[in-house]
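*Asks:* Please build the complete structure, drawing on both the sequences and the hints.
Below are the chains, spelled out letter by letter.
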Amino acid sequence: MTPTQKIIGVLIAINFFIMILFIVFGQITVRKLRKNPATKDELGIEFVSGWDIINVAQALSMPSSIMRKFKNTKLAFLHANVDLLIQHTNKFDRILARLFYWLLMTSGLFMAMWALLDVTGVIRFFS
Amino acid sequence: MAEILLCNQPVDTKGIESQWGIASSDILGGGDNANPASLIPYRPYLISQNPSVLDRSLVNQLGPRNIAQNLTDMSLSFGADNTLALAHITAKLKEYNIATTGAVTSLYGHRVQGFGVAVKKYQDALLAYRDVLQSKSAGRVLAKQRAFAAYKQMQTRFRFELQAVTAASKARRGTPLTSATRATNIARSSRNVARLHVVDQFQASNLVKLGKQAKFLGNGLAVIDFGVRVGNIENSYKTGGNWEREMFVESSSFALSAGAGSAIINAGGAVLSFLVVATPIGWVGLIIGGAVIAASAAGAGIWVNNTVKNNSGGIYDAIMKLIYAL
Numbered sequence: 002m003t004p005t006q007k008i009i010g011v012l013i014a015i016n017f018f019i020m021i022l023f024i025v026f027g028q029i030t031v032r033k034l035r036k037n038p039a040t041k042d043e044l045g046i047e048f049v050s051g052w053d054i055i056n057v058a059q060a061l062s063m064p065s066s067i068m069r070k071f072k073n074t075k076l077a078f079l080h081a082n083v084d085l086l087i088q089h090t091n092k093f094d095r096i097l098a099r100l101f102y103w104l105l106m107t108s109g110l111f112m113a114m115w116a117l118l119d120v121t122g123v124i125r126f127f128s
Numbered sequence: 146m147a148e149i150l151l152c153n154q155p156v157d158t159k160g161i162e163s164q165w166g167i168a169s170s171d172i173l174g175g176g177d178n179a180n181p182a183s184l185i186p187y188r189p190y191l192i193s194q195n196p197s198v199l200d201r202s203l204v205n206q207l208g209p210r211n212i213a214q215n216l217t218d219m220s221l222s223f224g225a226d227n228t229l230a231l232a233h234i235t236a237k238l239k240e241y242n243i244a245t246t247g248a249v250t251s252l253y254g255h256r257v258q259g260f261g262v263a264v265k266k267y268q269d270a271l272l273a274y275r276d277v278l279q280s281k282s283a284g285r286v287l288a289k290q291r292a293f294a295a296y297k298q299m300q301t302r303f304r305f306e307l308q309a310v311t312a313a314s315k316a317r318r319g320t321p322l323t324s325a326t327r328a329t330n331i332a333r334s335s336r337n338v339a340r341l342h343v344v345d346q347f348q349a350s351n352l353v354k355l356g357k358q359a360k361f362l363g364n365g366l367a368v369i370d371f372g373v374r375v376g377n378i379e380n381s382y383k384t385g386g387n388w389e390r391e392m393f394v395e396s397s398s399f400a401l402s403a404g405a406g407s408a409i410i411n412a413g414g415a416v417l418s419f420l421v422v423a424t425p426i427g428w429v430g431l432i433i434g435g436a437v438i439a440a441s442a443a444g445a446g447i448w449v450n451n452t453v454k455n456n457s458g459g460i461y462d463a464i465m466k467l468i469y470a471l
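Protein sequence lines correspond, in order, to chains B and L.
Mapping the first sequence onto this note's numbering, position 115 (from 1) lands on 116, and the numbers just tick up by one.
Mapping the second sequence onto this note's numbering, position 33 (from 1) lands on 178, and the numbers just tick up by one.
Treat the hints as calculated values from the structure; they're not laboratory data.
Keep in mind the model is a prediction, meaning the values are calculated, not measured.
Be careful, since some hints might not be right.
Straight-line distance between alpha carbons at most 27 Å, and here's what the computed DSSO-like set of lysine-lysine pairs gives [what the hints assert, rightly or not]: (1) B:K70 - B:K33; (2) B:K92 - B:K36; (3) L:K466 - L:K383; (4) B:K33 - B:K92; (5) B:K72 - B:K41; (6) L:K281 - L:K266; (7) L:K266 - B:K33; (8) B:K41 - L:K297; (9) L:K297 - B:K75; (10) L:K289 - B:K41; (11) B:K72 - B:K92; (12) B:K72 - B:K36; (13) B:K72 - L:K297; (14) B:K75 - B:K41; (15) B:K70 - B:K92; (16) B:K41 - L:K266; (17) B:K36 - L:K289; (18) B:K72 - B:K33; (19) L:K454 - B:K7; (20) B:K36 - L:K266; (21) L:K466 - B:K7; (22) L:K466 - L:K454; (23) B:K36 - L:K297.
These stretches of chain B come out as covered by chain L in the derived footprint (C-beta under 8 Å, 3 or more residues) [said to hold, decoys possible]: (24) 2-12; (25) 16-27; (26) 65-72; (27) 102-115.
Facing chain B, a subset of chain L residues (Cβ under 7 Å, in silico) [said to hold, decoys possible]: (28) I409; (29) S418; (30) V421; (31) A445; (32) W448; (33) G459.
Don't be surprised by glycine CBs; every beta carbon is placed ideally from N, CA and C.
*Replies:* Given below as structure tokens:
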């Protein structure tokens, strides 16, 4: 296998794990929040069905001081309401959220960065 | 231009003549069945005195029962103009999605999908209202309120898309897509005949595609990208190729491009919000920022999709070698 294939192989493995976490987090935590009348309208914009799962994970993973600042802007509709979510989730939910969100972000943004560096021709050492 | 007549229950052509002013001798059925005495539901009829070859082929394209049935229901609940406009939009959406390959790669793609879902919800509410009225059961006020609520949601979230769709329609009283009152009136008046003006072959083929989609609109929109991928796997299976390998390639490239796209959109949203907090960025800046995020998500999605497609075959081979060695 070439170095590129090795990296992509690792990414595929991580993404498989992320997909499982996506479903588990969606079924355990977000399902509960969707059913709760207090939180069901506070899960952020849903570009596509299931996007609120990522919004909730983001709200529970990013530093809450930053999420609170977002709440008072005109882009608040993009994000889930962090204070309400903290009230209605337990520690396990939050650990799950962090694991899922940061894995998704690191692998996704790693690929994006790689794409950018490859397209601009900054690095060529992977292939 | 061909004018097409659709109905959802048997209608006498004499009745149509007195009610709509269409001479029964002008109504032509498919095949040799010229000038039928009564119209069979869910079958397209041509209204023309001397139809051209093109007109006949247009009607034949819309002929298959599953297509004609969806088209009839859609034309009756949405009005003919809107059905044509929706067919046009869905076709555009397909081109768009196939161009960007990764299903979750574009902000605007999602918005259009969301629009499709909102229109579908509205339509479902209208059909539910019509069912309640026809069965004369209780709850008609509630059903009507539901239809209005669904309309309001669609209207507030997708105002610009709606304007684009309805700009071509010239009906003076408004259409179901521009007025919930008009829509509930149509549902109440229990119309059962609709007329479609089909301009050309292209429009007819769009109508066929729209009619094929599972239940009116909706789920068909989400599986377009998948359809292409599944098609690749099926081709490989049919030609005796290594279809398991093809499936690994298609599903891993889909998953990774979707992952990259969603990460960019989510992180981009946070960055935009941060800019709003920290700098005096205005709406123009936000719109440009949104466009940049959508473009980079689509770009990264395409890059990841290609890179993974080019490489995951080798990974599959390596895994298989490992398994056989065990």
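*Asks:* All hints are to be evaluated individually against the structure, with a verdict given for each.
*Replies:* Going down the list of hints, with the structure as the test:
Straight-line distance between C-alpha atoms of K70 of chain B and K33 of chain B comes to about 25 Å, which keeps the hinted pair within the 27 Å bound. A hinted pair counts as satisfied when its Cα atoms are at most 27 Å apart, and K92 of chain B with K36 of chain B qualifies at roughly 19 Å. A hinted pair counts as satisfied when its Cα atoms are at most 27 Å apart, and K466 of chain L with K383 of chain L qualifies at roughly 24 Å. For a cut-off of 27 Å, the pair hint linking K33 of chain B to K92 of chain B stands: about 14 Å separates their Cα positions.
For the suggested pair K72 of chain B and K41 of chain B, the alpha carbons sit about 16 Å apart, so the restraint of at most 27 Å is met. Under the criterion of a C-alpha separation no larger than 27 Å, the hint pairing K281 of chain L with K266 of chain L is consistent with the structure, at around 22 Å. Of the pairs offered as hints, the one joining K266 of chain L and K33 of chain B holds, with about 23 Å between alpha carbons and a cut-off of 27 Å not exceeded. Restraint check for K41 of chain B and K297 of chain L: satisfied, since their Cα atoms lie roughly 19 Å apart, inside the 27 Å limit.
For the given pair, K297 of chain L sits about 22 Å from K75 of chain B by alpha-carbon distance, which is consistent with the 27 Å threshold. As the CA atoms of K289 of chain L and K41 of chain B are separated by approximately 24 Å, the hinted pair is consistent with the 27 Å bound. The hinted pair formed by K72 of chain B and K92 of chain B meets the criterion: a straight-line CA distance of about 22 Å does not exceed 27 Å. Between K72 of chain B and K36 of chain B the alpha-carbon distance is near 22 Å, which keeps this suggested pair within the 27 Å criterion.
Proximity of K72 of chain B to K297 of chain L is assessed by CA-CA distance (about 25 Å); at most 27 Å being required, the pair is judged to hold. With a CA separation close to 20 Å, the supplied pair K75 of chain B and K41 of chain B stays within the 27 Å bound. A hinted pair counts as satisfied when its Cα atoms are at most 27 Å apart, and K70 of chain B with K92 of chain B qualifies at roughly 23 Å. Restraint check for K41 of chain B and K266 of chain L: the C-alpha separation of about 19 Å stays at or below 27 Å, so the hint holds.
Simply put, K36 of chain B and K289 of chain L have alpha-carbon atoms about 25 Å apart, close enough for the 27 Å limit, and the pair holds. For the hint pairing K72 of chain B with K33 of chain B, the CA-to-CA distance comes to about 22 Å; that is within 27 Å, so the pair holds. Only pairs whose Cα atoms come within 27 Å are accepted, and K454 of chain L paired with K7 of chain B is accepted, the gap being roughly 14 Å. With a C-alpha separation of about 20 Å, the suggested pairing of K36 of chain B with K266 of chain L holds against the 27 Å cut-off.
Taking the CA atoms of K466 of chain L and K7 of chain B, the gap is near 15 Å; set against the 27 Å cutoff, the hint holds. A C-alpha spacing of about 19 Å is found between K466 of chain L and K454 of chain L, which places the hinted pair at or below 27 Å, so the restraint holds. Between K36 of chain B and K297 of chain L the CA atoms are separated by roughly 23 Å; this keeps the pair inside 27 Å, and the hint holds. Residue count for the region 2-12 of chain B with a Cβ under 8 Å from a Cβ of chain L: 7. That meets the three needed, and the coverage hint holds.
A stretch counts as covered by a chain when three or more of its residues have a beta carbon under 8 Å from one of that chain; for the region 16-27 of chain B and chain L the count is 4, and the coverage holds. Three residues within the 8 Å Cβ limit are the bar, and the region 65-72 of chain B against chain L gives 3, so the coverage statement holds. With a threshold of 8 Å between beta carbons, the proposed coverage of the region 102-115 of chain B by chain L holds, since 7 of its residues qualify and at least three are required. The interface hint given for I409 of chain L is met, as the beta carbon of that residue sits about 5 Å from the closest beta carbon of chain B, less than 7 Å.
Annotation: S418 of chain L was flagged as interfacial toward chain B, and the flag holds, the nearest CB pair being 4 Å apart, inside 7 Å. The criterion of a C-beta within 7 Å of any C-beta in chain B is met by V421 of chain L, whose closest approach is roughly 4 Å, and the hint holds. A least Cβ separation of about 4 Å between A445 of chain L and chain B falls short of the 7 Å threshold, and the interface hint therefore holds. Look at W448 of chain L: its Cβ gets to within about 4 Å of chain B, closer than 7 Å, so that hint holds up.
Among the interface hints, the one on G459 of chain L holds; its C-beta lies about 5 Å from the nearest C-beta in chain B, closer than the 7 Å criterion.
Figure legend: structure checked against the earlier numbered hints; every hint is met.
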